[in-house]
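Student: Assemble the whole structure, with the sequences as input and the hints as a guide.
The listed protein sequences derive, respectively, from chains L and B.
Each residue of the first sequence is one higher than the one before, counting from 1 in this note's numbering.
Each residue of the second sequence is one higher than the one before, counting from 1001 in this note's numbering.
Honestly, the hints are just simulated from the structure, not real lab data.
All C-beta atoms in this analysis are idealised placements derived from N, C-alpha and C, irrespective of residue type, glycine included.
Mixed in with the good hints, there may be bad ones.
[Stated by the list, open to error] Which stretches of chain B does chain L cover? Using the computed rule of at least three CB atoms under 8 Å from a CB of chain L, they are:
hint, stretch
1, 1028-1037
2, 1115-1122
3, 1133-1146
[To be verified] Computed list of chain L residues with no C-beta within reach of chain B, every gap over 10 Å:
hint, residue
4, ILE18
5, GLU37
6, VAL135
The primary structure of each chain is shown beneath.
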Amino acid sequence: MADDGVSKRHSKKELVNIIAETKRQNAYYRQIKELNENYKDEIQRLESILGLPSRDLFRYEIAQVIQRNLGSWWQTIRINKGRKHGLGLGDAVIFVGGVVGRVSKTNYYTSEVDLLSSNNFRISAAFFDDRRPLVYQGAGTDFQAKPIGTIKNAPQDLRTDSTEPLKLLTTGLGGAFPPGIKIGFVPWLEADNTGLFQAGQVSLDKRLLGIKEVAVLVPYNRTKELQDDF
Amino acid sequence: MIFDRRILIFLATNFLLLHLMLLVNSGITFAAINLFILGPACILPALYLRADHFFMTAIITGLWIDAALPSLFGMMTVLIPAIGTLILLIRRRFRAEKNFHPCLLAHLANFSLALAIIYTLIIEGASSYNLVVVYSIELALSHLILLFVAPWFFNLQRLLFSISDSKTEPESLPFI
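Tutor: Encoded structure:
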């Protein structure tokens, strides 16, 4: 007995009908695609008219600190989340006291984080109620074992003192950190070597040294950086 | 190649030393001090084992340390066998059954490893020569701790040899 599948034949007319039906479906889906694009534009327009808050750009991945390497040699911590959980290089790490640092190395199950006080950590920052950006860089720990950082390019009209230090926040420039996350306090400022701007030291949260739990900000739409082949 | 049971003992004790060091470093972050006491890891394997067995132990230990520390990857995998090989080549001059020579070697090895790490940190730009005083204080403190840790560590390794019925004398050393 011959196999049904092999013996089955389609007539020319049937094939023509199938092709016509496929063409109709193709046209229908194209129309839906155009409609979707129109809806997307309409949503954006309405959101801008109503002034709705923007959607979440990041999801929070909570991680435990499993190793701390703090001292003059290293300023890093290791956390128990890695590539498996969607973490990538440069992702922002925060905790209840503000910025913790940036993911510097990812393994499958663990990641290494450069702390805010690390010399490798540099970020754009701004003072509270002042939108002019300046440069923050980590500077290790001082002789009392407090984590510190430095700022450069601060405008000359700013004044601060140790009783009411200025609060330093992230600006959101660069993309990894959303704006408004606390970095630390600046108790004093002095003219830098150019004389055009001010520089100063930043006191960071002391809880940074004994940190146990952090949140990694994993972007929803991670853009892959183009690799330079040259 | 006959498998030497002491390789497992050396690996286990080296991992124990590394784990304890990381545990202590994680616990004393309030002082922002980083202790480095991994010098003893490459001493007794070089003094006790055959060259091929020592090499195997040193490579695995180096890889394990490289995976755990944030230093340049591969540095310990190269340095621990290198320091161990130097010791192995002149091991007839050392009395491995007592603690004096191994402790002295442990301090020298620890100092060399620490210097290499500090040098790579400065080369990478993660640190600067301004911190030399701080490095010196941390290193001096590490060696102070090592004065107590190294004899305990070597005694533990020898105790595990006798418990596991392994050879308690070094290979190819005519002591008598």
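Student: Hint by hint, note whether the structure agrees.
Tutor: Tested hints:
1. Counting residues of the stretch 1028-1037 of chain B whose CB falls under 8 Å from any CB of chain L gives 7; the rule of at least 3 is met.
2. A count of 3 residues in the stretch 1115-1122 of chain B with a Cβ less than 8 Å from any Cβ of chain L is obtained; the coverage claim is therefore met, three being the minimum.
3. Against chain L, the stretch 1133-1146 of chain B contributes 3 residues with a C-beta closer than 8 Å to a partner C-beta. That satisfies the three-residue criterion, and the hint holds.
4. ILE18 (chain L), annotated as away from the interface, keeps every beta carbon of chain B farther than 10 Å; the closest lies near 59 Å.
5. Remark: the non-interface label on GLU37 (chain L) is consistent with the geometry, its nearest Cβ contact in chain B lying 47 Å away (cut-off 10 Å).
6. With a minimum CB-CB distance of about 16 Å to chain B, VAL135 (chain L) clears the 10 Å threshold, and the non-interface call stands.
The structure meets every hint from the earlier list without exception.
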